[in-house]
Amino acid sequence: MTVPEETKGNLGDPWTPVKRKDISALIVSEQGFTPGLLCDLMITQQNYQPALFQALVSGEAPAWFHASVLVGGKGKTGGYHEARVRIELKAKALLLQGGAGRDRLSAMSEWALVRTRDVRRKALRPALFALMEGGPPNWPDIHRREIGAWAELWLVRYGKIWGREYFPWLWTTVEAGDEESRGRWLRQIRTYAEEILETALRTAPQRTGRRYRGKVRSRGLFYGAFKKYFAQEMRDA
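If you read the sequence shown in the working numbering, its first letter stands for residue 1, the second for the next number, and so on.
There's no promise every hint is true.
[As the list claims (entries may be wrong)] Derived lysine-lysine pairs resembling DSS-like cross-links, with alpha carbons at most 30 Å apart:
hint	residue 1	residue 2
1	K227	K122
2	K160	K90
3	K19	K160
4	K122	K160
Please keep in mind that the hints were generated in silico from the structure rather than gathered at the bench.
Build out the structure end to end from the sequences listed, making use of the hints.
Here it is in structure tokens:
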């Protein structure tokens with residue numbers, strides 16, 4: 001079946017969200033349904049209009065968001081991806097009602113996504129590079145391709161860990177205060193990142209004679225980043 005290019009994949013399928021900017025059908029990358037994409041589809045709906053058959057149904061029970069896709073194009077395939085997210089009852093009520101409650105949930109969801117990226121970029125990634133470079137005295141060279149490929153394996157693990165816990169945490173913010181919720185999420189993702197770093201410290205190949213220095217420098221960068229960028233929010237909680 002050939003689809004006319006001008007339709008941009010939008011054939012009126014009631015199960016397919018469409019992009020607000022140009023009314024094109026949702027295209028999922030090889031990364032699949034990331035927490036950011038799921039957040040947009042379920043909560044913020046900034047980039048995509050929800051599918052016609054996506055509407056939540058009121059009632060005294062939690063809801064489930066289920067999405068699946070076979071990624072492909074131009075003779076290539078990015079695999080089959082599926083996501084199922086349980087929407088707790090009180091969160092479902094906010095999404096149905098809209099207004100200030102939903103706006104707060106949207107803001108909290110986006111804040112958490114930004115913070116997970118910040119921890120990845122400012123703390124975990126530099127620490128992994130410092131480890132593999134044997135503890136350089138200055139900032140590690142984060143553009144070294146061979147180390148970058150190795151570091152990405154650990155960063156993907158970090159993403160999978162926090163991705164599993166993101167929505168369960170988010171639904172708890174419905175009844176918790178902003179500062180408490182933010183502090184709890186920061187502590188959670190710090191723990192996830194610590195676990196990844198410590199595993200890398202134990203198992204990673206390192207330059208002969210610089211193993212100890214690499215570990216010290218790696219941990220120093222990691223905890224220094226938390227003190228510099230995240231300490232205030234964690235104290236306020």
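Hints versus structure:
1. K227 - K122: holds (11 Å)
2. K160 - K90: holds (26 Å)
3. K19 - K160: holds (26 Å)
4. K122 - K160: Distance of about 18 Å is within 30 Å: holds.
Going down the numbered hints, you'll see the structure goes against none, and every one checks out.
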